[in-house]
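K.L.:
Chains as they are written, first to last, in our numbering: chain A, 17 to 451; chain B, 17 to 451.
Incorrect hints may appear among the rest.
Said to hold, decoys possible - The calculated DSS-like cross-link candidates involving lysine-lysine, where the alpha carbons are at most 25 Å apart (straight line), are:
no. : chain 1 : residue 1 : chain 2 : residue 2
1   : B       : K36       : A       : K170
2   : B       : K170      : A       : K45
3   : A       : K279      : B       : K273
4   : A       : K305      : B       : K273
5   : B       : K273      : B       : K305
6   : B       : K385      : A       : K170
Note that these hints are calculated values from the structure, not bench results.
There are 2 protein chains.
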Amino acid sequence: MASASQPNAGSQACWWWLLKDLPEKTKNKVVNVAGKANKLGRDEPRRIIHCLKVGLALTLVSLLYYVHPLYKFFHESGVWAVLTVLLVLEFTVGGTLGRGLNRTFATLLGGALGVGAQHLAALSGEIGQPIVLGLCVMVLTAAVTFLRFFPEMKARYDYGLIILMLTFSMVSVSGYRDEDALTIAYERLLTIIVGCVIALLVSILICPVWVGEDLQRLIAANLEKLGSFLEGFSGAYCRISGDAQITIDQSFLQGYKSVLTSKHSEETMVNLARWEPGHGRFLFRHPWKQYLKVGTLARQCSYKIEILSGHLASEIEAAQEIRGEIQESCREMTRESGKALKELAATIRTMTRSTSMDFHIENSKSAAKNLMSLLETGLLEDSTTLLEIIPAVAVASTVMDIVTCTERISDAVKELASLAHFKSTISPVVTPEEP
Amino acid sequence: MASASQPNAGSQACWWWLLKDLPEKTKNKVVNVAGKANKLGRDEPRRIIHCLKVGLALTLVSLLYYVHPLYKFFHESGVWAVLTVLLVLEFTVGGTLGRGLNRTFATLLGGALGVGAQHLAALSGEIGQPIVLGLCVMVLTAAVTFLRFFPEMKARYDYGLIILMLTFSMVSVSGYRDEDALTIAYERLLTIIVGCVIALLVSILICPVWVGEDLQRLIAANLEKLGSFLEGFSGAYCRISGDAQITIDQSFLQGYKSVLTSKHSEETMVNLARWEPGHGRFLFRHPWKQYLKVGTLARQCSYKIEILSGHLASEIEAAQEIRGEIQESCREMTRESGKALKELAATIRTMTRSTSMDFHIENSKSAAKNLMSLLETGLLEDSTTLLEIIPAVAVASTVMDIVTCTERISDAVKELASLAHFKSTISPVVTPEEP
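Please take these sequences and the hints and turn them into a complete structure.
P.N.:
Rendered as structure tokens:
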């Protein structure tokens, strides 16, 4: 990284020279966009690799045109292979495989149906032919368009349904003039298979991006963010009560916000991950849906954390003596829940069963019990009004909810560990080979 | 609807006859899918109309093949128009327009660049030509693929960027053999424009689905759901305290759940709505982003409601006498906030300014003030433990948060009303004409 920034400085000077005649506003805009591009690349270097992969795959498929023997075989229909590479090669292996399979099978089915429609139309005489063809196209596209509204179809086969319509219409409509519908269907299928194979090889062989691994990392990161918040809350809540004047650095308390709205990306990733073949520690039929379950529970926990975060912001006004009494329990509960969540995140990330989160969960539960008995023994004095205790009591109530939530997440992760055959900590850390 | 279900019964009998020889399991599956399809159509009859629209547009564009003079003009490239209709015609006008414009301009730009690349390559001699072309294709596709990672580009121009790569590769690569790259680029552009125009005409002229209107309806419905929950909560919370044994019908309390996770669909709809031209009460440059702001605030409110819903489930164990004291205030606050939210929903839906929500918000705020003074005057007796008051106090705290949240939503809706020039209630209800 450090060495890469050296030539960067040189090229920057070169860019400045190019920019120097531009008006100030344009210059700022260019610098702004360049900064964004730089950040995009640095945050996720795999993006840059992906761009190069697309360029490479396209150069490979262009050989169908440039190399004479290949051109003699494929003729102009080689252009379908070029289009296929561009349309099928996605950022992740799952995305590429899903689109490739959808495209191939939909082309096969659409081509077959198209040829069938051609034969059917040919039986109806010269005048009847376009009418029958038109009816077939209208009925099939209307039916397939309706299928696309089914949520299950939309999630996994949307692209295939579009290609099915495209191929059917192309073969049956253009076959009306070309006569040789079978050849069109066959050439299209062949070139699409060539394109898909090139896209898949490039996607899998060169720095593959497995969406399943990304999903696992996302779910683990989400649990980790919740854990960081809780640990940070534990510290901040303690410190305020010690000295109300201390300004807290709340930046690390913002991480959990992304968990609130991660539902859509989790669902998309699960849908793509299900296309991926077994690889490394992820065997075929890995229980991807269980990750969704963990993710949903984490999100429910994040709603409670959102409330806790609101309390933290308004916490300063709470009555000190009341909070002091229940503060130690809350601090213990959040700290232990936070540690448990981080342990769960590590369990998912390393795919290794661990029992240390049970210890933390037990700790947080016993702290909750302590709090309950503390509350039950009636610590209120006559002078205390309800208003003074509201903030502390509200925090205690939310924290107790979070303890319950953490336990539920732990159960879901344990289920995941047994479904996905996570390693036990006792066994030495070796990557298991595929059966 | 009633008349449509009559022939349905007849056709159902016909279907049963077709199914009767199938094994039980398959039969159940078919019935299951048919039920789902029926529900999809009934829930949103516009879906069925959309399917017919796709069929119609495709039949229209097929005329390029079937009608001889048209075929003589377009030849085989008419197939691009067929593909364009299928790829561009979306469920909503905004979607169709966005894809159509993306496709047209990207084809224009990609074609021009492709022809340019051809000329550049022609200068480098016979051996240099494929090398220069290959380099051009590789560099442009890699760069455009990188552009697709910018979130702003992804949201609005993703399809255009794909088509840009497609057209550029097609024109520059296939032009290497065909010689006449300009003709390829020109024919492709012309047929794509024909396809886009047909798709747009069908989309706008036949039962148009404006995504902007759907967005407005979604945001209003979300506020309405929150309002319904709060009103329902008000009733349920009261009833439990009256008689703890009453089982509450909580089905109407589930509606708000969809608000928790509506972020993605709201953002998608705003992106599509920005493509739509002014129509009816929606002038050009309608403040779509303000809807997003209202939606975000509604979601923040829904997190609090999620917590409240949890309290309602565990409410039965709370100490009766304590809750009785603050219950009336909470009931008042939720009822008035609920009414205010419903008024705000109506404001958005009818695009008519109203002041009645101010009345409800003032009511809820004064109820909150009452509660505060109630809490301040210290109603606790010696016998009361903290544990007994936790549920009631936690509810009170959450409800007070919700009152604040409702006021914030009201401010955002007022801003929307002034940005979008909502009608005032004083003026008679007439649809304003476009300037």
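K.L.:
All hints are to be evaluated individually against the structure, with a verdict given for each.
P.N.:
Here is what the structure says about each hint:
1. B:K36 / A:K170: 30 Å, violated
2. B:K170 / A:K45: Within the cut-off at roughly 19 Å; holds.
3. A:K279 / B:K273: Since the Cα atoms of K279 (chain A) and K273 (chain B) sit roughly 13 Å apart, the hinted pair holds (cutoff 25 Å).
4. A:K305 / B:K273: 21 Å, holds
5. B:K273 / B:K305: 23 Å, holds
6. B:K385 / A:K170: Between K385 (chain B) and K170 (chain A) the Cα gap is close to 50 Å, so the pair fails against 25 Å, i.e. violated.
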